[in-house]
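There are 2 protein chains.
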Amino acid sequence: MKTPLIDGLQYANWSEKIFRQMRDGGLDAVHVTIAYHENFRETVLNIEQWNRWFEQFPDLIFQGRTAGDVRLAQESGRTAIFFGSQNPSCMEDDIGLVEVLHTLGLRFMQLTYNNQSLLATGCYEDDDTGLTRMGREVVAEMNRVGLVVDMSHSGERSTLEAIEHSSRPIAITHANPASWHKALRNKPDTVLKALGESGGMFGFSLYPHHLKGGSACPLQSFCDMIARTAEMMGIDHVGIGTDLCQDQPDSVVEWMRIGRWTKKIDYGEGSAAAPGFPQMPDWFSGNRHFSNIAAGLKAAGMDEDDVAAVMGGNWRRFFEKSFGAEAEWKMAGAAGAGA
Amino acid sequence: MKTPLIDGLQYANWSEKIFRQMRDGGLDAVHVTIAYHENFRETVLNIEQWNRWFEQFPDLIFQGRTAGDVRLAQESGRTAIFFGSQNPSCMEDDIGLVEVLHTLGLRFMQLTYNNQSLLATGCYEDDDTGLTRMGREVVAEMNRVGLVVDMSHSGERSTLEAIEHSSRPIAITHANPASWHKALRNKPDTVLKALGESGGMFGFSLYPHHLKGGSACPLQSFCDMIARTAEMMGIDHVGIGTDLCQDQPDSVVEWMRIGRWTKKIDYGEGSAAAPGFPQMPDWFSGNRHFSNIAAGLKAAGMDEDDVAAVMGGNWRRFFEKSFGAEAEWKMAGAAGAGA
Chain A
1 MKTPLIDGLQ YANWSEKIFR QMRDGGLDAV HVTIAYHENF RETVLNIEQW
51 NRWFEQFPDL IFQGRTAGDV RLAQESGRTA IFFGSQNPSC MEDDIGLVEV
101 LHTLGLRFMQ LTYNNQSLLA TGCYEDDDTG LTRMGREVVA EMNRVGLVVD
151 MSHSGERSTL EAIEHSSRPI AITHANPASW HKALRNKPDT VLKALGESGG
201 MFGFSLYPHH LKGGSACPLQ SFCDMIARTA EMMGIDHVGI GTDLCQDQPD
251 SVVEWMRIGR WTKKIDYGEG SAAAPGFPQM PDWFSGNRHF SNIAAGLKAA
301 GMDEDDVAAV MGGNWRRFFE KSFGAEAEWK MAGAAGAGA
Chain B
1 MKTPLIDGLQ YANWSEKIFR QMRDGGLDAV HVTIAYHENF RETVLNIEQW
51 NRWFEQFPDL IFQGRTAGDV RLAQESGRTA IFFGSQNPSC MEDDIGLVEV
101 LHTLGLRFMQ LTYNNQSLLA TGCYEDDDTG LTRMGREVVA EMNRVGLVVD
151 MSHSGERSTL EAIEHSSRPI AITHANPASW HKALRNKPDT VLKALGESGG
201 MFGFSLYPHH LKGGSACPLQ SFCDMIARTA EMMGIDHVGI GTDLCQDQPD
251 SVVEWMRIGR WTKKIDYGEG SAAAPGFPQM PDWFSGNRHF SNIAAGLKAA
301 GMDEDDVAAV MGGNWRRFFE KSFGAEAEWK MAGAAGAGA
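So the protein sequences, as listed, match chains A and B.
The first sequence begins at 1 in the numbering used here and counts up by one.
The second sequence begins at 1 in the numbering used here and counts up by one.
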């Protein structure tokens, strides 16, 4: 069977149109954000909405729970939807919700979203104090049940401590190297190297604020950067995490940035002059454009196997070792996981 | 493999002692009440407590989700724990929570607990107006996902309408025939016959208020009653649902009766003179005494196969056709289900 095409993060304004574009683009699996600042009950409401979409569009999408569901997606011509949260607000202050959320299908959870959380420090804080007391407990619980630690929006120290403390490989699902484009959300080489050495995964982001040159970033600049990063981290540890926010109104990026933590406006990666969602690069405006990236990687000198690995093979292997209970993972030979 | 031993309802003050007694008594599976008046978030807290017990006592118990887990319990020498709620308060006013609760493992839900609910009328109300508008919608949703409608605490009309409206067989997990012992919680023959004809299941209760003679009810009176009811309903449609509330303090029966719906005391099946839990019959004080019932059924003239069917075989078959999605159930040949 062909290597699957997998996107490590999207947060679209979901609709039948977008689900059909996923099929047009041959997307076999995608990690979707189901919550930012939502508390547990609000996250469950979002899951209820997804359940209705699964019921409404059974020929296009279904809920992914295990790595095996990627294969099921390929065999049945549908896209497997894997849930994630960009903030731990969904688990409130209750470690017992980690397992409950995993049972409901959550497969990724960021320990922070830009700000300090109960668990760690976000990449927009002045001082990063690393994993908190609760953060260490929650990482261990996430390891136990098979919920991936995602540090895309965390600070450097917190990220390095999460890599160190986690008994299982972690992910940065959507970001780029700061050495290519300096931004609070992009990651220093210290983090990239530690992530690769620990068997973790890095997903390259198409969100214009993470791109050198923003919306005008050329495809080849992006793909050359991927090739260079793959050399530094190891080809097995990189994938795509588009951060595609298709069809979202600008009110949503405002909610993403301020949630309920401030009464003032905060522009995050934007500015007063450009407060809304930035325009996507013309070579990636949605789910039908993954083939452009694959072509760009080839033009960057990657061979066919490496391109397939970046476009989904690596995520699939990461899913295989990440979504099951730790006890099963250890029995299956965890030793190879950090290789 | 031996026919399994299954109890159709318990609500004990759970402890390692009780889990060990389940093993001593050879109990392969049990439907446990995880919520009475709890709302969704409180029900999730109760699930979190169960998750801790599953983590703490993996050699004694595990969460049952499918009928196949009864076999797994037999093979691994453990008791499979199936969740249920005695009231629909866990789903609040939100039909989307039906699927969410099923995903979390809920396999039985009563439409009412003595009082009028959003869905139907309880057996303590003066007037029973049957299934409500929302009740009909929720029964259809329960049918779709594989959550069993349990009418143990509902009124006669509501129960008959649930049997009629439900596309899948329903259950009365814990009650006795009113013709044997008149009580608001025991069921008239109209209900028993309709339940049997529709392929449903009736679990006989050991709760003393449901027994002729109360705590002093002789074993043989109970078992003779089962044999007579099996003749009326069909041997395939009866099982045990002990309603065992082992080790619970009397404050719990008060909570069961009044929850948050009244500020006054309500004695339910008890009285001011006897407000607490009644004493169990000496021939069934806990999970080690199932063999007494099996012996009593034999003494009532039942052959070995029928005794095995009542002690668990019928519940297992009911689990097989009840816990999966309706679409799968129909594919597997639902036509036989009402036989």
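These are calculated hints, taken from the structure and not from any lab test.
Quick reminder that beta carbons are idealized off the backbone N, C-alpha and C, glycines included.
It is possible that some hints are incorrect.
To be verified - Chain A stretches covered by chain B per the calculated footprint, using a threshold of three residues with CB under 8 Å from any CB of chain B:
| id | region |
| --- | --- |
| 1 | 41-48 |
| 2 | 92-98 |
| 3 | 303-309 |
- request: Quick one: see if chain B covers the region 41-48 of chain A, three-plus residues with Cβ-Cβ under 8 Å.
  value: holds (count 5)
query: According to a criterion of three or more residues whose C-beta lies within less than 8 Å of a C-beta of chain B, is the region 92-98 of chain A covered?
result: holds (count 3)
- prompt: Has the region 303-309 of chain A got at least three residues whose CB is nearer than 8 Å to a CB belonging to chain B?
  reply: Result for this restraint: violated, n = 0.
In this structure, the one hint that does not hold is number 3.
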